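Engineer: Work out the full structure: start from the sequences and follow the hints.
Protein chains in written order, with the numbering used here: chain G, 47 to 334; chain V, 159 to 419; chain A, 23 to 359.
FYI, nobody ran anything at the bench for these hints, they're computed from the structure.
Keep in mind that this is a model prediction, so the values were computed, not measured.
Using N, Cα and C, we set each Cβ at its ideal position, and we do this for glycine too.
It cannot be assumed that every hint is accurate.
Okay, derived cross-link-like pairs now, SDA-like style, lysine to any residue, Cα gap no bigger than 25 Å in a straight line [to be verified]:
id, chain 1, residue 1, chain 2, residue 2
1, V, LYS305, V, LYS234
2, V, LYS305, A, ASP235
3, V, LYS230, A, PRO156
4, A, LYS158, V, MET247
5, G, LYS98, G, MET231
6, A, LYS158, G, GLY252
7, V, LYS234, A, THR246
8, V, LYS327, A, LYS158
Distance windows between CB atoms, simulated [claimed, not checked]:
id, chain 1, residue 1, chain 2, residue 2, range
9, G, GLY223, V, THR216, 37 to 45 Å
10, V, SER308, G, SER104, 55 to 63 Å
11, V, SER308, G, MET221, 22 to 30 Å
12, A, GLN352, G, ILE127, 53 to 61 Å
Now for the letters of each chain:
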Amino acid sequence: MEILVYGTINSVSLALMGLGFAMVYGISRIPNFAHGALYIICGFVTWTFFHKIGLPYSISIILSLGVNAILGMLMYRFILIRVRGMNISEIIASYAIGLIILEGLRFGGFRGMTYTLPVFMEGSMMIGGVPVDYHRLIMTIIGVLLITGLWVFTHYTKIGLALQGMAQDEQAALMLGIDSDLMAMLAMGFGAVLAGAAATLILPLGNIVVESGYHVLIMSIAVCIVGGLGSWMGAFFAAFIIGYAQILTSVFIGSHFQMVVAILAIILTLILKPSGLFGQQKELEERV
Amino acid sequence: MTDPILRMDNVSKMFGGVRALKGVSLDVFPGDVLGIIGPNGSGKTTIVNSITGFIKPTSGKIYFKNKNITGKKPHKIADMGVTRTFQIMRPYYSLPAYKNLVIPLFSPRARRTGGWRGGGSLGNRQTVAIDILEEIGFERDSYIPFKTASTLPTGYLKRLELARCLSLKPEIIICDEVFSGLSMSEIASMVPLIERLQDDGITIVMIEHRLRELFQVANRVMVLNFGEKLIEGTPSEVMADEQVKEAYFGSEKVEEVMTYA
Amino acid sequence: MSTQKLRKERIDRGIKVRSDGLYALMSWRELSYLTLPRFILIAGLLALPFLIPGMYWQRVISIVCIYAILALSFDFLAHYVGLVSLGGAFFIGTGGYIAGILNSYFSIPPVFTIPLAAILGGAVCTLFILPCLPLKGVYFAIITLMYPLFMARVIEAFDIFGGTDGIVGIDSFSSAFVEQYFVIGMLLIFLFGIRRLVTTDRGLIFTAIMDNDQAVKASGINITQYKALAVFIASAMGCLGGACLTHIYMWSGISQFALDFSILPIAATVIGGAGTLVGPIIGCLILVPVSEFLRDFGTLRIVFYASILVGFILFRSDGIMVFGQRKYEQFERWTKI
Numbered sequence: 047m048e049i050l051v052y053g054t055i056n057s058v059s060l061a062l063m064g065l066g067f068a069m070v071y072g073i074s075r076i077p078n079f080a081h082g083a084l085y086i087i088c089g090f091v092t093w094t095f096f097h098k099i100g101l102p103y104s105i106s107i108i109l110s111l112g113v114n115a116i117l118g119m120l121m122y123r124f125i126l127i128r129v130r131g132m133n134i135s136e137i138i139a140s141y142a143i144g145l146i147i148l149e150g151l152r153f154g155g156f157r158g159m160t161y162t163l164p165v166f167m168e169g170s171m172m173i174g175g176v177p178v179d180y181h182r183l184i185m186t187i188i189g190v191l192l193i194t195g196l197w198v199f200t201h202y203t204k205i206g207l208a209l210q211g212m213a214q215d216e217q218a219a220l221m222l223g224i225d226s227d228l229m230a231m232l233a234m235g236f237g238a239v240l241a242g243a244a245a246t247l248i249l250p251l252g253n254i255v256v257e258s259g260y261h262v263l264i265m266s267i268a269v270c271i272v273g274g275l276g277s278w279m280g281a282f283f284a285a286f287i288i289g290y291a292q293i294l295t296s297v298f299i300g301s302h303f304q305m306v307v308a309i310l311a312i313i314l315t316l317i318l319k320p321s322g323l324f325g326q327q328k329e330l331e332e333r334v
Numbered sequence: 159m160t161d162p163i164l165r166m167d168n169v170s171k172m173f174g175g176v177r178a179l180k181g182v183s184l185d186v187f188p189g190d191v192l193g194i195i196g197p198n199g200s201g202k203t204t205i206v207n208s209i210t211g212f213i214k215p216t217s218g219k220i221y222f223k224n225k226n227i228t229g230k231k232p233h234k235i236a237d238m239g240v241t242r243t244f245q246i247m248r249p250y251y252s253l254p255a256y257k258n259l260v261i262p263l264f265s266p267r268a269r270r271t272g273g274w275r276g277g278g279s280l281g282n283r284q285t286v287a288i289d290i291l292e293e294i295g296f297e298r299d300s301y302i303p304f305k306t307a308s309t310l311p312t313g314y315l316k317r318l319e320l321a322r323c324l325s326l327k328p329e330i331i332i333c334d335e336v337f338s339g340l341s342m343s344e345i346a347s348m349v350p351l352i353e354r355l356q357d358d359g360i361t362i363v364m365i366e367h368r369l370r371e372l373f374q375v376a377n378r379v380m381v382l383n384f385g386e387k388l389i390e391g392t393p394s395e396v397m398a399d400e401q402v403k404e405a406y407f408g409s410e411k412v413e414e415v416m417t418y419a
Numbered sequence: 023m024s025t026q027k028l029r030k031e032r033i034d035r036g037i038k039v040r041s042d043g044l045y046a047l048m049s050w051r052e053l054s055y056l057t058l059p060r061f062i063l064i065a066g067l068l069a070l071p072f073l074i075p076g077m078y079w080q081r082v083i084s085i086v087c088i089y090a091i092l093a094l095s096f097d098f099l100a101h102y103v104g105l106v107s108l109g110g111a112f113f114i115g116t117g118g119y120i121a122g123i124l125n126s127y128f129s130i131p132p133v134f135t136i137p138l139a140a141i142l143g144g145a146v147c148t149l150f151i152l153p154c155l156p157l158k159g160v161y162f163a164i165i166t167l168m169y170p171l172f173m174a175r176v177i178e179a180f181d182i183f184g185g186t187d188g189i190v191g192i193d194s195f196s197s198a199f200v201e202q203y204f205v206i207g208m209l210l211i212f213l214f215g216i217r218r219l220v221t222t223d224r225g226l227i228f229t230a231i232m233d234n235d236q237a238v239k240a241s242g243i244n245i246t247q248y249k250a251l252a253v254f255i256a257s258a259m260g261c262l263g264g265a266c267l268t269h270i271y272m273w274s275g276i277s278q279f280a281l282d283f284s285i286l287p288i289a290a291t292v293i294g295g296a297g298t299l300v301g302p303i304i305g306c307l308i309l310v311p312v313s314e315f316l317r318d319f320g321t322l323r324i325v326f327y328a329s330i331l332v333g334f335i336l337f338r339s340d341g342i343m344v345f346g347q348r349k350y351e352q353f354e355r356w357t358k359i
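Structural biologist: Here it is as structure tokens:
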């Protein structure tokens, strides 16, 4: 029971982390290696608004999500747009941006154990004999809602459909009058917001530390690779697979191995089936 | 009758849910020039890809000299002597034309056979490469073999593709639309080249849209439609067939199309 | 210039097209023109230990050279074979650990551990990378990025080879002089060796695989074999660098799998000029000392070189070397008016 409950919670948080990465890649084919940095910076921005400026918690969350969106869009508009289409340069450039943000934060004094965000609701309840605090519960519910909402958004709204069209065939979308750069910029903004949303949901459970930026990046890559790059539903299912695998290993083998599991998942998936569990790319495209 | 050199036995290929090939069987005999024609999307290139190992057929077997080559790696199949050209030409654009040929001359097969005219031993690879190029129609003693591949016109690139096959001293060459994209005069100069290869004892499978030239060189023609074999026979038989007219030329009269083709 | 001279030059050009490089022998002026930059580089590197004072900065020379070897291997793999490997740290770490294990557990002296680490490490890395060789672009980059992380986590989780503390008490080089000249010498050997390799006809196969793997396959050449060979060469270079690093610091630990070793060589390659082979070395000569200067500021140095990296990717993606080469070649036609 414990495994089931914590597995689900862990899976949803992984899905939240991975969703932004999957979304950006799915739409604009940019592997956004600054994803972890966006996640962390949102946490720190919220912290600054809440503790330093003294805004109410909810407003500081919304504001920091907005900041994140702008940051993501600026990143695309001024930097990534120039290396668009050159995969390796995209990886290197976005990773370098991530490094700048993360190490800049670390240099700016954001380190140590002092940075925490308050949970949404104190207290805990019993689910099937396992104590679960309310915040984890809320996180899971919001997470699931967010993922379904996103699904509805991309399948039933105009912008969502445009984004999907672009994900499938950029040139065709261009011919239909969809501004691909604008859409990619929006996607980056959305991705950043999702990273921020994940941060505000997950970070209250622990400290905000710069290192976890790298962890989040690896986790989201793991989720997306296992699910198949560019496939959102795949990312969702993969989050559950990795989430449960992690909980199982930490229960039966030891908690050191959580990260090993994630990385091993990436390596094995890439070796055995590079298109991932739900990937739709053609075999010839990814393998020589 | 001799054994077929290349034999496709009931080969099918699915792409996702689409059946690109539906149980195609085909025999190619030594010395043949076999033409494969068919409308766009009828599975011609899929046949080339599955014979040369670039894709694996979903079902069916392919034999080369009675040896099963289904699903082997492309380089293994090329090593046995089954070579191909690409419909979209694939030279190494950054290299001079003759260096494009130096690369296949490093392959185990070229080393064994010594290149197109080689008698089992390979001399200086660059010299051999230039010799092959000159034989295939690059002007002798000109600077054209030394030009970078990206600056060469289409006609030379198509020859370069053929030269790459020849440098392996192949037994079969499968040409995927060597005539397409060429001007009339370039095609006219390609036809004798094909005939010369045939005289050399190389079996040739040609996939073509240029029917007039194809019917000129081919001794047998197979027609594909929607991944299925419609008919196989001599060029005149194929031209006379009603089904072919229907599928390939629509309602128009075949002679009329032939004049414009 | 008289018509005669112009005419001679035109003929020369034709010869140059056919036999690039040979024409230099036609005059001492051209010969010196061609060899001067090479000479400056070699002499400059060899003279470095004399020019630079102080233990600390002499140590930096060795580090520069190790990074340069790594950057060279990245450049070779990425721009001559088409495999963009973000796993420099994997090579360094594997080489470092192998040298450490051989030296401290089996007490083999550094003279043997370094070549052994290069060969064994190269083999190990190649074995690991072998199953992902068919992967392309992003996929290959991601998987190579994951390997060093994976190794570090495995060592940490299983607590093998000293766990998080690493292997300590490893022999150092017999003197600082030997250390510096060894790495400088290796760097020069690798640089000119790789340059020679990629210009031979056989080396062209690597480039051909990068250009167009399908055609190479259709030519009956086993591309996996050639790719594996290239990975072996590159990883052996990286492992040699790692082994040197271990002996310099007399320690090998998890931090040898740190991303620093993956990112800095790439930054150096981008800055120096991708695909020029010399460029990465120049990039390292600039980047590493500067980042040493900034060591007091902690993580600022990472911010610094990441910013340079982004700047170069955006605004000068061909790098210093290509720019310099173009400028230098303008001198060739310099005549007084």
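Engineer: All the hints need checking, so say for each whether the structure fits it.
Structural biologist: Right, here's what the structure says about each hint:
1. With a CA separation close to 31 Å, the supplied pair LYS305/V and LYS234/V exceeds the 25 Å bound.
2. Restraint check for LYS305/V and ASP235/A: satisfied, since their Cα atoms lie roughly 21 Å apart, inside the 25 Å limit.
3. This hinted pair checks out: LYS230/V and PRO156/A have alpha carbons roughly 16 Å apart, not beyond 25 Å.
4. Under the criterion of a C-alpha separation no larger than 25 Å, the hint pairing LYS158/A with MET247/V is consistent with the structure, at around 21 Å.
5. A hinted pair counts as satisfied when its Cα atoms are at most 25 Å apart, and LYS98/G with MET231/G does not qualify at roughly 31 Å.
6. For the given pair, LYS158/A sits about 38 Å from GLY252/G by alpha-carbon distance, which is inconsistent with the 25 Å threshold.
7. Proposed proximity of LYS234/V and THR246/A is supported: the alpha carbons are some 12 Å apart, at most 25 Å.
8. Distance restraint check for LYS327/V and LYS158/A: the Cα-Cα separation of roughly 31 Å exceeds the 25 Å cut-off, and the hinted pair is therefore not satisfied.
9. The beta-carbon spacing between GLY223/G and THR216/V, approximately 39 Å, falls within the hinted interval of 37 to 45 Å.
10. Against the hinted window of 55 to 63 Å, the Cβ-Cβ separation of SER308/V and SER104/G comes to about 60 Å, which satisfies the hint.
11. Separation of SER308/V from MET221/G is about 28 Å and conforms to the stated range, judged on CB atoms against 22 to 30 Å.
12. Distance hint check: the CB atoms of GLN352/A and ILE127/G are about 33 Å apart, inconsistent with the given range 53 to 61 Å.
Going through the hint list in order, the structure does not satisfy hints 1, 5, 6, 8 and 12.
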